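A.B. asks: Each chain, letter by letter, is given below.
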Amino acid sequence: MEKLREMLDICIRHQTVLGYSLVSLLTVASEHIFSSVLFRCPCSSWNMLYGSVFLLVPALILFLLGFMVHARTWHLLTGICPREKRCRSGPRETSTRCCPVLMQVAARAAVAPLTWVAVALFRASFYECAASGSSLLKNLVCREKGGEACQELLFQIPCNEKLSEKIPGELQAQSQLLGWLVITITVTGYLIATCVSHCRSPVSYLQLKFQKIYWQKEWELFEIKAKEHATRLAEINTNSFFEGTNQEPIGTPSNEDWWKIS
Amino acid sequence: MEKLREMLDICIRHQTVLGYSLVSLLTVASEHIFSSVLFRCPCSSWNMLYGSVFLLVPALILFLLGFMVHARTWHLLTGICPREKRCRSGPRETSTRCCPVLMQVAARAAVAPLTWVAVALFRASFYECAASGSSLLKNLVCREKGGEACQELLFQIPCNEKLSEKIPGELQAQSQLLGWLVITITVTGYLIATCVSHCRSPVSYLQLKFQKIYWQKEWELFEIKAKEHATRLAEINTNSFFEGTNQEPIGTPSNEDWWKIS
Amino acid sequence: MEKLREMLDICIRHQTVLGYSLVSLLTVASEHIFSSVLFRCPCSSWNMLYGSVFLLVPALILFLLGFMVHARTWHLLTGICPREKRCRSGPRETSTRCCPVLMQVAARAAVAPLTWVAVALFRASFYECAASGSSLLKNLVCREKGGEACQELLFQIPCNEKLSEKIPGELQAQSQLLGWLVITITVTGYLIATCVSHCRSPVSYLQLKFQKIYWQKEWELFEIKAKEHATRLAEINTNSFFEGTNQEPIGTPSNEDWWKIS
Numbered sequence: 003m004e005k006l007r008e009m010l011d012i013c014i015r016h017q018t019v020l021g022y023s024l025v026s027l028l029t030v031a032s033e034h035i036f037s038s039v040l041f042r043c044p045c046s047s048w049n050m051l052y053g054s055v056f057l058l059v060p061a062l063i064l065f066l067l068g069f070m071v072h073a074r075t076w077h078l079l080t081g082i083c084p085r086e087k088r089c090r091s092g093p094r095e096t097s098t099r100c101c102p103v104l105m106q107v108a109a110r111a112a113v114a115p116l117t118w119v120a121v122a123l124f125r126a127s128f129y130e131c132a133a134s135g136s137s138l139l140k141n142l143v144c145r146e147k148g149g150e151a152c153q154e155l156l157f158q159i160p161c162n163e164k165l166s167e168k169i170p171g172e173l174q175a176q177s178q179l180l181g182w183l184v185i186t187i188t189v190t191g192y193l194i195a196t197c198v199s200h201c202r203s204p205v206s207y208l209q210l211k212f213q214k215i216y217w218q219k220e221w222e223l224f225e226i227k228a229k230e231h232a233t234r235l236a237e238i239n240t241n242s243f244f245e246g247t248n249q250e251p252i253g254t255p256s257n258e259d260w261w262k263i264s
Numbered sequence: 003m004e005k006l007r008e009m010l011d012i013c014i015r016h017q018t019v020l021g022y023s024l025v026s027l028l029t030v031a032s033e034h035i036f037s038s039v040l041f042r043c044p045c046s047s048w049n050m051l052y053g054s055v056f057l058l059v060p061a062l063i064l065f066l067l068g069f070m071v072h073a074r075t076w077h078l079l080t081g082i083c084p085r086e087k088r089c090r091s092g093p094r095e096t097s098t099r100c101c102p103v104l105m106q107v108a109a110r111a112a113v114a115p116l117t118w119v120a121v122a123l124f125r126a127s128f129y130e131c132a133a134s135g136s137s138l139l140k141n142l143v144c145r146e147k148g149g150e151a152c153q154e155l156l157f158q159i160p161c162n163e164k165l166s167e168k169i170p171g172e173l174q175a176q177s178q179l180l181g182w183l184v185i186t187i188t189v190t191g192y193l194i195a196t197c198v199s200h201c202r203s204p205v206s207y208l209q210l211k212f213q214k215i216y217w218q219k220e221w222e223l224f225e226i227k228a229k230e231h232a233t234r235l236a237e238i239n240t241n242s243f244f245e246g247t248n249q250e251p252i253g254t255p256s257n258e259d260w261w262k263i264s
Numbered sequence: 003m004e005k006l007r008e009m010l011d012i013c014i015r016h017q018t019v020l021g022y023s024l025v026s027l028l029t030v031a032s033e034h035i036f037s038s039v040l041f042r043c044p045c046s047s048w049n050m051l052y053g054s055v056f057l058l059v060p061a062l063i064l065f066l067l068g069f070m071v072h073a074r075t076w077h078l079l080t081g082i083c084p085r086e087k088r089c090r091s092g093p094r095e096t097s098t099r100c101c102p103v104l105m106q107v108a109a110r111a112a113v114a115p116l117t118w119v120a121v122a123l124f125r126a127s128f129y130e131c132a133a134s135g136s137s138l139l140k141n142l143v144c145r146e147k148g149g150e151a152c153q154e155l156l157f158q159i160p161c162n163e164k165l166s167e168k169i170p171g172e173l174q175a176q177s178q179l180l181g182w183l184v185i186t187i188t189v190t191g192y193l194i195a196t197c198v199s200h201c202r203s204p205v206s207y208l209q210l211k212f213q214k215i216y217w218q219k220e221w222e223l224f225e226i227k228a229k230e231h232a233t234r235l236a237e238i239n240t241n242s243f244f245e246g247t248n249q250e251p252i253g254t255p256s257n258e259d260w261w262k263i264s
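Protein chains in written order, with my numbering: chain C, 3 to 264; chain S, 3 to 264; chain L, 3 to 264.
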């Protein structure tokens, strides 16, 4: 029992890491399903389009979904239009305030799509299909041999294993090297971004740590209090409706107060 | 026991997401059953009609069912006609009030049909059947060869796997690309709509959160109170019927009051 | 234990939906049994009659059974004849009062037969048998070829799988398209009817909800009270019979009172 609680404690403390791992695992699994069950390279002039769509469109969709899931996006956007009119701040100041948060959200939303692209490049089937239809490869390979027939042969590469041995191109190797490149760039980018943001922070490391703990606690307490308050308010309203009595309303924070704490 | 309750709590908190996932899973399962058990492409001039019906009609039916299930539709429509006559508001004001709610309901009702269409396009059998009977493909492929015989061959594509290799057309690839297009448009549309609605909201994010909690609590309390009130009322009425006594009626809210809280 | 009670609660809340699902499932199962065990297309001039009977007569029987099961039919009809004689209301007023209720009962009784027809059309065996004997198909197909022999061939379609490939007609496709048509019309009809009835209701949505709860509670209490009252009455009567005493009768509602609450 003690051990179980400890395990849960560890899980809760590292929930962000665990969450991203889960997302990545799901991405890998779905990539496996897509590339083995649905993906059939047409082996014709559609190769380029078909391969690129399977490589990039799911990543785009995952990125958009990531934006939708992160609560901070909405925290930031809610009521930005009417607030703009009331106009305490010009558009430039707003963009200065929003930009870092948006970049943070984008960085978090990019975990799943980058996993997709990397895994897809390592498996190489999408890239092979797309590259075999590209005009770049055609120019590279088909200079010496007859154009049309060579093109047809290139299109058949993903469907015919023997062909890929005859024709030089090393598509699979290219794909996996690209995969390593994507991972390297991603990790380096994350590291630099974290360095810069920490370096420019106006507060010290321990204070930052304290802030994080404080925000989390505040959020928890806000939820509990809001639930209590809502229950009390609802009880009063329904009672006064059914019994015809007219109780005095309890104090609810005004709109202005809500703006300030957001 | 503690853990179980926590699990239930998580389920309740994410019930919308879980609900949509369940609906989507059911749609995928039924699509599988339909396309493997019932679907037999006639391989004749009926191809186009038959394929399109299997692709689009179930989606239409799911959309209508979605409308029927969502309580908000009825909340909105109930008594709109007699209320119109009493005429506090002109028709234009009513449409302004109804439009966003209707769009919200439509967006929710569209989850299942869009899943159907996307999955059906990925499986490609419906689209292949429909496209093999389309006059567009005939014009594209049959220009060089003899018209009638070529048309007959095209009709046979979905029933004969060897044929589909000879005749270019890449129907499966087209179908899956269309599937990706549908998904991309859907996700982008949802994201933009949510952005706009959040952006134009007159209240802040935390207040919105509080409102949601309040509405839920109010609804729960309303149900409990209504049940209590109904029991009391029914008891009084049946008693007065069997015993002939004539108890004074307890206060019940008037029709006008009901209109106001709706 | 808690969970079990919750499950039961959910079942009771959604009992109409569960009931219709059960009815539909039973219909599907019985359709399967009928069409695989009992149905043998005669492959002669009886085809048309035999197929139509298997397609439509069970649906008619299910519709009549549906009428018999629904309690409201009897609630409405009981005593309508003697009451008519006493004649508070003309026949026109009665029909105005009965019409919406009758339509509601008909809509509920139509669930099972429509399921039957839709499933039978999707399986296509009944329709194939009926259509192969129809004179419409004969006129369509047999114009060029010799009349009598062609007719004989047509009759043999459901019994001979090779024939159906030679003769165009796409009976299975037609049958399934008809099935989709039936389902689409049904769902659209239900949606429109519900819309209209909700739209013309004189009370608001929440009041409607309250009314439903009230009726249910009243019915429950009426049953309990009626049982109590009947027990008391029976006790008094048997007692007074065996012991010869003549207790004063307890108040029982008069016939007039009963009419009013019905």
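Keep in mind the hints are simulated off the structure, nothing from the lab. It cannot be assumed that every hint is accurate.
If several chains are the same, the list does not tell them apart, and a pair holds so long as it fits within one copy or across any two.
BS3-like cross-link-like pairs, simulated, lysine-lysine; straight-line CA separation at most 30 Å [claimed, not checked]:
(1) K140 to K214
(2) K214 to K229
(3) K164 to K227
(4) K211 to K227
(5) K164 to K140
(6) K219 to K140
(7) K164 to K219
(8) K211 to K229
(9) K164 to K211
(10) K219 to K229
(11) K227 to K214
Note that the structure is a prediction, hence the values are computed from the model and not measured.
A.B. asks: Confirm or reject each hint.
C.D. replies: Quick rundown of the hints versus the structure:
{"no.": "1", "hint": "K140 to K214", "in the structure": "neither (55 Å within a copy, 59 Å between copies)"}
{"no.": "2", "hint": "K214 to K229", "in the structure": "both (23 Å within a copy, 10 Å between copies)"}
{"no.": "3", "hint": "K164 to K227", "in the structure": "neither (68 Å within a copy, 68 Å between copies)"}
{"no.": "4", "hint": "K211 to K227", "in the structure": "both (24 Å within a copy, 12 Å between copies)"}
{"no.": "5", "hint": "K164 to K140", "in the structure": "both (19 Å within a copy, 28 Å between copies)"}
{"no.": "6", "hint": "K219 to K140", "in the structure": "neither (60 Å within a copy, 66 Å between copies)"}
{"no.": "7", "hint": "K164 to K219", "in the structure": "neither (62 Å within a copy, 65 Å between copies)"}
{"no.": "8", "hint": "K211 to K229", "in the structure": "both (28 Å within a copy, 10 Å between copies)"}
{"no.": "9", "hint": "K164 to K211", "in the structure": "neither (58 Å within a copy, 60 Å between copies)"}
{"no.": "10", "hint": "K219 to K229", "in the structure": "both (16 Å within a copy, 8 Å between copies)"}
{"no.": "11", "hint": "K227 to K214", "in the structure": "both (20 Å within a copy, 14 Å between copies)"}
Consistency note: the structure conflicts with the earlier hints numbered 1, 3, 6, 7 and 9.
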